[in-house]
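A.B. asks: In numbering that gives the first Met the number 0, the protein residues as written are 0 to 118.
Quick caveat, the hints were computed from the structure, so don't treat them as lab data.
You can trust all of the hints, since none of them are fake.
Distance windows between CB atoms, simulated: (1) Leu110 - Ser18: 36 to 44 angstroms; (2) Ala113 - Glu21: 41 to 49 angstroms; (3) Val26 - Asn71: 33 to 41 angstroms; (4) Pro67 - His93: 15 to 23 angstroms; (5) Phe73 - Val8: 14 to 22 angstroms; (6) Lys15 - Ala113: 30 to 38 angstroms; (7) Glu63 - Cys29: 23 to 31 angstroms; (8) Gln86 - Ala7: 23 to 31 angstroms; (9) Val10 - Leu110: 23 to 31 angstroms; (10) Lys91 - Gln36: 15 to 23 angstroms.
Here are the simulated DSS-like pairs of lysine-lysine, each with C-alpha atoms no more than 27 angstroms apart in a straight line: (11) Lys15 - Lys100; (12) Lys28 - Lys91; (13) Lys15 - Lys28; (14) Lys91 - Lys15; (15) Lys100 - Lys115.
The C-beta atom is built at its ideal place from N, Cα and C for all residues, glycine as well.
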Amino acid sequence: MAAGTTDAVQVAVRVKPLSDAELNDGVQKCVRLSDGQIVVGGQRPFAFDYVYGPEDHTEHLFHELVEPLLDNAFLSGYNATVFAYGQTGAGKTHTMNGITKLAVRRICRFLHEAVKEAE
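Take these sequences, add in the hints, and give me the full structure.
C.D. replies: Structure representation (structure tokens):
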């Protein structure tokens, strides 16, 4: 499903890379990404609307997921919510801090353009 569609709720999953401490402890990754699914333990697939791996940057997530929601909210007057949920240490703060910074820039740019057009 594409961001900005009429679905009320969309779920995106971002798999974080193993930390240096995890690598030093010999931790091995136990998930595999495949066609909108995360396969856990080699055999249990879980499907999501979006799946992002450790190599995906926050900017990519923002442009694919959040920016269309902001544009729809600005142009059509709809509300939108983006939140992170998960276990402690899963990367929620890292992801949301980056998304928040990008969203604030996008909102400021939109407001600046709206003021210029209104003059």
